[in-house]
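For this one, chain A is given, so just place chain R on it according to the hints.
One-letter residues, chain by chain:
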Amino acid sequence: MSTATRTIPAKPSATGKRRPLGGQERTNWPATAVLIVCTLGVLVPLYVTVSMAFKTTGQAVDGNAFSLPSPLTFDSFVQAWTLTNFSRGFAISVFVSVIAVVGEIVVSALAAYAIVRNWDRKLFRWSFFYLLAAMFIPFPVVALPQIQLTGLVGLDNPLGVAILHIVFALAFNTMLFTAFLRSIPLELEESMRMDGAGTWQVFWRLIFPLLGPMSATVGIFAFIASWNDFMMPSLIISDPEMQTIPVLQKIFQTQFSNSYNVAFASYLMAMAPAIVVYLFTQRWVMSGLTQGAVK
Amino acid sequence: MLPPLPSAGTPLSRRTFLAAAGGSLAAFSLAACSPAGAQPTITFHQSKPEAVPYFRDLTAKFTASQDRFRVLHDMATNLSASFVRSSPPDLGCLNYNLEMARFMERGALSDLADLPEAASIRGDVLDLTNWYPTYPGRTSVIPYSVMAASVIYNRRIFEANGLSVPTTWDELIDVCERLKAVGITPIYGTFRDPWTIAQGLFDYTVGGMVDVRGFYQSMHGAGEKVGPDSEVSFQKTLLEPVRRMVQLKKYVNADAASRGYGDGNTAMAQGQAAMYFQGPWAFGEIEKAGTDVDLGTFPLPVTDNPADLKVRVNIDLSLWVPEVSNGQQGARAFIQYLMQPEIQDTYNAKFLGFGTVKDAPPVTDPRIVEMQKYYDEGRFYMGASQFIPNTIPAANYIQSIIGGADAEGTLRRMDADWARLAFRA
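Residue numbers (the numbering used here), protein chains in the order written: chain A, 6 to 300; chain R, 33 to 457.
Chain A extracted, bound-state conformation (with noise of 0.2 Å):
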């Protein structure tokens, strides 16, 4: 955490201090113009994702997609709220995110910091080349199996796929915190240990809180991950009553009907928290994409 509070305010200043010198860095109009049109990929499908919402039935499959909403209507949100239960699947949604972004993070850290720490040893090394392995296992390939043994051992629910979660990113995770890891020096955890601090004391106040630009990277990435995720939940949970908000949104996109405004509605209630989230991580978000990248 320090390390981020002390170089993230500096940046935007010499970023703020070079603009009103003006005309010494000139602006790149053909790169400003490739990235104006980039957004535009963005803006314009959310700008139909909004308005859609707000649309009436009748006016959703007019073949205007681009028609501002007349007469607005709030019906949409109305009728996705109670055609997949919003609130109990939203309530499971977050259940399966929080265990899933607090978990990958502890779990990763302390896989992380015992490898890193004890490296000389054979069994850590190859533990970590072990983990690294799993990278490469994407989770459709094990679907199967991975049914049938959620079911035998009761995990066929929201906790069983959290678990499958923290798992699966296990090697990726493990991979940042190892190489975040790194550069923190020895010294700093002697001069604790000196004081007589043991290893559980050294993790939680020392290495712990350190790692907590990587943190927010992985938390970032957990949670993006499992918010959004739509295969193993629709696979592994068993019970239709505890089935996630991307399973249950299914239903208003089928081979045969469209409901453009209620499918719409409930898109957008469901990227509501990860917009919020992102609005108040934002600049742990900008820091964490670059942690890492240099050792």
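Hints are computed from structural coordinates only; laboratory data are not their basis.
Values in this document were obtained by computation on a predicted structure and should not be read as measured data.
A virtual CB, placed ideally from N, CA and C, is assigned to each residue, including glycine.
Every clue listed holds true.
Covered by chain R, per the in silico footprint, the following chain A stretches (three or more residues, Cβ under 8 Å):
| # | segment |
| --- | --- |
| 1 | 58-66 |
| 2 | 151-163 |
Under the rule of at most 30 Å between Cα atoms (straight-line distance), these lysine-lysine pairs were calculated in the DSSO-like manner:
| # | chain 1 | residue 1 | chain 2 | residue 2 |
| --- | --- | --- | --- | --- |
| 3 | A | Lys255 | R | Lys93 |
| 4 | R | Lys93 | R | Lys382 |
| 5 | A | Lys255 | R | Lys382 |
| 6 | R | Lys281 | R | Lys268 |
| 7 | R | Lys405 | R | Lys390 |
| 8 | R | Lys405 | R | Lys281 |
Listed next, with one range per pair, are the computed distances between beta-carbon atoms:
| # | chain 1 | residue 1 | chain 2 | residue 2 | range |
| --- | --- | --- | --- | --- | --- |
| 9 | A | Ser75 | R | Asn422 | 36 to 44 Å |
| 10 | R | Pro425 | A | Phe235 | 18 to 26 Å |
| 11 | R | Gln249 | A | Val39 | 53 to 61 Å |
| 12 | A | Ala277 | R | Pro394 | 43 to 51 Å |
| 13 | R | Gly441 | A | Val281 | 53 to 61 Å |
| 14 | A | Leu73 | R | Ala381 | 34 to 42 Å |
| 15 | R | Ala381 | A | Ala277 | 37 to 45 Å |
| 16 | A | Phe235 | R | Asp243 | 36 to 44 Å |
This is chain R only, laid out in the frame that chain A set:
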């Protein structure tokens, strides 16, 4: 803009984080315990979106009407996964197709023959399930609703141009020519979505000319020998209908290649074309636009003999109970509830389905009423595209034929695919 985040806040926020996680965990485990009452829960899987509110209402009513079972409406379970886990829904109410038939073929569905409701089903409708691979000696599924599909046409356009419903191929071409001459699009094509070609143009032309069931029986019999020299094959038996299908391409809208199912429904609602090759499921979508378009249906004439006219049907909803379900009793009780005339007939009237029982009332909706005659007389077939395993991308092959690929060559390729698949099996 952002709330100040104290640098010393990490342990604090972590603690709140964990507390929140623990809290929701506790809430979750409590929630998991609470519904475990005395009544066993019957999971009722039904995922036809427009019918969800209807069936949800029924499950609530049934649960309230007796105290032995609680029926839980389920629209989210992944069927394959649930069968893998040996915890499938207790009662399924789904479209019956080749994929579903796999479960039946392997004996995963229990025998419902002893239910009095099974005996009330029309013989030729119950026989539709035998078009697919079956499990010998069992009535594994009870057809609940049949959908009949044929050409959707705009009555006002036909009347305004003095056209009557065609009953032979030549009449059909004549209708198309006359519409074209006055600048009206005869047929609205939605070729961007391959399935709309397969289930529309392809199924209608093939079904109107070829005995679909006999054709596939021979195809299965020939198996890996299917090819240029076999008695039946795609390239030989289906070539003529496919040629006629390509002939109709002349009469579609110019932008058909870039139009999808949704566009087609919008266009038909706005009266942009006279005919549309879709099933009754499109009516619900066309209705959404809220226009007062007057639509009807007629079977596509593909031969010169009006006696050959048939409509395409499919078992839109069928009821089945898995063998491994431990709520079979409740599932059967709910089947009997659903099969009561006032409930089944209401469903079919509401969702444009045809009844499956012997004494089902005729349909009354003006949009599909013209098909009742064919349905009563048993003049129907199931879509030819529905019997090709998904391993063969038939819809895409058909799309490429419509797009201009050589029909004979493409059908030959389908034969080769069929033979390869039979060899592997």
